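Peer 1: Top line first, the protein sequences correspond to chains Y, D, S and B.
Note that our numbering numbers the first sequence so that position 99 is 186, with each residue one more than the last.
Note that our numbering numbers the second sequence so that position 146 is 233, with each residue one more than the last.
Note that our numbering numbers the third sequence so that position 140 is 227, with each residue one more than the last.
Note that our numbering numbers the fourth sequence so that position 5 is 92, with each residue one more than the last.
Derived by calculation from the structure, the hints in this document are not laboratory data.
A few of these clues could be false.
Note that the list lumps identical chains together, so a pair holds whenever it fits in one copy or between two copies.
[To be verified] Here are the simulated lysine-lysine pairs, BS3-like style, with alpha carbons at most 27 angstroms apart:
(1) K139 x K230
(2) K205 x K90
(3) K205 x K117
(4) K230 x K136
(5) K230 x K205
(6) K139 x K117
The model shown is predicted, which means the values in this text are computed figures rather than measured ones.
4 protein chains.
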Amino acid sequence: MNKIIGVIGGSSVDQTAYDTAYEVGGLIAKNDAILICGGLGGVMEAACKGAKEAGGTTIGILPGSYIGDANPYVDIPIAAGLGHGRNLIIINTAEALIAISGRFGTLSEIGFALQSGKPVFGLGTWDIDGVIACASAQEAVDKIIRRGESRI
Amino acid sequence: MNKIIGVIGGSSVDQTAYDTAYEVGGLIAKNDAILICGGLGGVMEAACKGAKEAGGTTIGILPGSYIGDANPYVDIPIAAGLGHGRNLIIINTAEALIAISGRFGTLSEIGFALQSGKPVFGLGTWDIDGVIACASAQEAVDKIIRRGESRI
Amino acid sequence: MNKIIGVIGGSSVDQTAYDTAYEVGGLIAKNDAILICGGLGGVMEAACKGAKEAGGTTIGILPGSYIGDANPYVDIPIAAGLGHGRNLIIINTAEALIAISGRFGTLSEIGFALQSGKPVFGLGTWDIDGVIACASAQEAVDKIIRRGESRI
Amino acid sequence: MNKIIGVIGGSSVDQTAYDTAYEVGGLIAKNDAILICGGLGGVMEAACKGAKEAGGTTIGILPGSYIGDANPYVDIPIAAGLGHGRNLIIINTAEALIAISGRFGTLSEIGFALQSGKPVFGLGTWDIDGVIACASAQEAVDKIIRRGESRI
Numbered sequence: 088m089n090k091i092i093g094v095i096g097g098s099s100v101d102q103t104a105y106d107t108a109y110e111v112g113g114l115i116a117k118n119d120a121i122l123i124c125g126g127l128g129g130v131m132e133a134a135c136k137g138a139k140e141a142g143g144t145t146i147g148i149l150p151g152s153y154i155g156d157a158n159p160y161v162d163i164p165i166a167a168g169l170g171h172g173r174n175l176i177i178i179n180t181a182e183a184l185i186a187i188s189g190r191f192g193t194l195s196e197i198g199f200a201l202q203s204g205k206p207v208f209g210l211g212t213w214d215i216d217g218v219i220a221c222a223s224a225q226e227a228v229d230k231i232i233r234r235g236e237s238r239i
Numbered sequence: 088m089n090k091i092i093g094v095i096g097g098s099s100v101d102q103t104a105y106d107t108a109y110e111v112g113g114l115i116a117k118n119d120a121i122l123i124c125g126g127l128g129g130v131m132e133a134a135c136k137g138a139k140e141a142g143g144t145t146i147g148i149l150p151g152s153y154i155g156d157a158n159p160y161v162d163i164p165i166a167a168g169l170g171h172g173r174n175l176i177i178i179n180t181a182e183a184l185i186a187i188s189g190r191f192g193t194l195s196e197i198g199f200a201l202q203s204g205k206p207v208f209g210l211g212t213w214d215i216d217g218v219i220a221c222a223s224a225q226e227a228v229d230k231i232i233r234r235g236e237s238r239i
Numbered sequence: 088m089n090k091i092i093g094v095i096g097g098s099s100v101d102q103t104a105y106d107t108a109y110e111v112g113g114l115i116a117k118n119d120a121i122l123i124c125g126g127l128g129g130v131m132e133a134a135c136k137g138a139k140e141a142g143g144t145t146i147g148i149l150p151g152s153y154i155g156d157a158n159p160y161v162d163i164p165i166a167a168g169l170g171h172g173r174n175l176i177i178i179n180t181a182e183a184l185i186a187i188s189g190r191f192g193t194l195s196e197i198g199f200a201l202q203s204g205k206p207v208f209g210l211g212t213w214d215i216d217g218v219i220a221c222a223s224a225q226e227a228v229d230k231i232i233r234r235g236e237s238r239i
Numbered sequence: 088m089n090k091i092i093g094v095i096g097g098s099s100v101d102q103t104a105y106d107t108a109y110e111v112g113g114l115i116a117k118n119d120a121i122l123i124c125g126g127l128g129g130v131m132e133a134a135c136k137g138a139k140e141a142g143g144t145t146i147g148i149l150p151g152s153y154i155g156d157a158n159p160y161v162d163i164p165i166a167a168g169l170g171h172g173r174n175l176i177i178i179n180t181a182e183a184l185i186a187i188s189g190r191f192g193t194l195s196e197i198g199f200a201l202q203s204g205k206p207v208f209g210l211g212t213w214d215i216d217g218v219i220a221c222a223s224a225q226e227a228v229d230k231i232i233r234r235g236e237s238r239i
């Protein structure tokens with residue numbers, strides 16, 4: 088079955104983070120993995136756009152109870168209705184996470200991911216013990232794909 | 088965008104309910120809608136199997152935190168980690184629900200759906216004021232498709 | 088430890104239901120049990136008011152993320168931030184439920200309670216197989232207290 | 088109404104962290120505030136024990152669906168049934184948080200608290216921008232009490 092890779096990061100970002108997220112999304116799709124994210128703007132939108140333009144599949148786990156809130160590059164919108172709590176669903180579902188930029192929401196997601204034993208690869212994000220810092224989108228996606236794990 | 092139709096019902100069912108759910112899943116797929124359900128056995132598995140064999144897409148919102156719990160006909164497993172609370176995500180995400188057979192879990196889902204203003208079409212399930220009883224899988228799916236609604 | 092008894096019912100109710108809920112709250116307090124409910128208006132407010140005026144303790148599990156939403160008779164407001172999903176917390180926490188009047192939200196709570204194996208005593212509510220219909224507040228509270236269970 | 092103060096931290100801790108949490112719990116109670124925490128062992132148990140022995144009230148928001156999991160110093164056990172997601176309820180309900188020691192779970196709670204705009208006072212915990220580091224239990228509790236806020 089296809090890997091599911093999570094992308095986490097802020098909903099308002101600068102151009103560098105947006106471009107990085109777009110590139111990450113494209114690489115996830117080219118590696119036949121499914122992208123899961125929070126389904127809104129910023130890093131989430133950029134990653135979904137990149138994945139869609141590379142022919143991939145995108146899942147957006149939305150905070151509210153209305154699927155119309157998803158950004159236009161989400162194929163599968165899921166209306167969790169849990170507010171920030173929806174982040175746990177992303178982490179439970181993904182086999183690994185890529186964190187891009189972000190503030191406190193991203194910090195809490197990193198904490199949950201590491202608590203759940205899911206690896207987190209970082210691109211310009213929190214420098215936390217446990218996060219595997221990467222120099223490029225290519226390095227982050229390669230490290231996940233090369234982990235050689237398939238979900239069963 | 089494709090409609091998302093929810094199928095709710097028990098995880099242990101008799102052959103009649105299984106066959107009905109299988110037929111419902113197939114009809115959802117043939118109408119280019121996406122099936123969302125709880126991702127486990129019984130009615131959920133039968134509906135997913137029917138949808139997959141008709142070329143459709145299936146989403147399973149799982150109660151636990153491990154995507155490996157999904158039945159083999161789920162394309163997109165979502166590990167909600169909320170126990171029974173995962174039912175609300177199905178209801179928030181679907182534009183309409185088809186309830187097949189089922190006991191108290193299905194009753195609670197019907198209650199949530201009606202509380203949320205989502206129409207519920209029933210096939211051999213609880214005879215509750217608000218549930219639109221249908222005589223066949225064909226009638227239930229036709230009524231949803233003909234509602235002429237598209238999610239925006 | 089004190090029993091925790093849940094009261095479920097609609098947020099907008101007629102005078103009869105309000106009076107019944109008020110009486111139920113008072114009887115819960117007089118039996119040294121703690122009242123848990125959804126913390127808002129209608130049945131929830133009436134039951135909390137009855138319990139407080141009889142010297143009891145009240146817990147309100149609120150749908151939103153702000154404790155200021157609680158009715159003035161809630162001692163312990165809990166901001167679940169889960170919308171309708173907060174109902175499951177009431178059911179998980181209570182050892183038995185009293186359902187008073189109510190529409191679809193109450194129906195979903197009854198379904199969850201019965202699915203979770205918690206007894207439901209009904210006062211003018213849904214006539215569902217599994218709900219133990221009672222003729223008065225006194226009968227409902229007595230039946231719970233006399234169950235002789237203590238939580239451990 | 089009484090302030091509600093949250094205590095977050097690991098379930099397995101060394102003696103120093105246990106003693107600090109015990110002292111924090113006692114000071115919360117002596118200041119007529121209510122303690123809310125995750126209801127299990129380690130920092131949570133120490134804080135509840137300190138609060139109870141000082142005559143206070145303690146709330147435990149449990150991850151599972153069984154109130155019997157609470158430590159013996161919890162007055163009001165709430166069975167959230169949300170796993171790690173229960174942490175958000177603590178943060179939504181408390182007006183301020185004291186973080187003691189802890190690993191990734193505590194990190195995620197700190198992230199959620201700061202994202203939600205709730206102040207976090209730290210005692211030997213993560214050195215994150217946004218956390219107000221304190222030298223003693225007394226300093227942490229004083230700073231919260233002196234904030235002069237009352238919940239409305």
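Peer 1: Go through the copies and call it for K139 and K230: within, between, both or neither, with a Cα cutoff of 27 angstroms.
Peer 2: within (22 angstroms within a copy, 32 angstroms between copies)
Peer 1: What label fits K230 with K136 when the C-alpha limit is 27 angstroms: within, between, both, or neither?
Peer 2: Classified as within; 22 angstroms inside a copy, 34 angstroms across copies.
Peer 1: Can you tell me if K205 and K90 fall within 27 angstroms by alpha carbon in one copy, between copies, both or neither?
Peer 2: The answer is within: 13 angstroms in one copy meets 27 angstroms, while 33 angstroms across copies does not.
Peer 1: Between copies, within a copy, both or neither: which fits K230 and K205 at Cα up to 27 angstroms?
Peer 2: within (13 angstroms within a copy, 36 angstroms between copies)
Peer 1: How do K139 and K117 come out at 27 angstroms by Cα distance, when the copy is not named: within, between, both, or neither?
Peer 2: both (10 angstroms within a copy, 24 angstroms between copies)
Peer 1: Under a CA distance limit of 27 angstroms, which applies to K205 and K117: within one copy, between copies, both, or neither?
Peer 2: This pair counts as within: shortest intra-copy Cα distance 22 angstroms, inter-copy 37 angstroms.
Against the hints set out earlier in the document, no violation occurs for any number.
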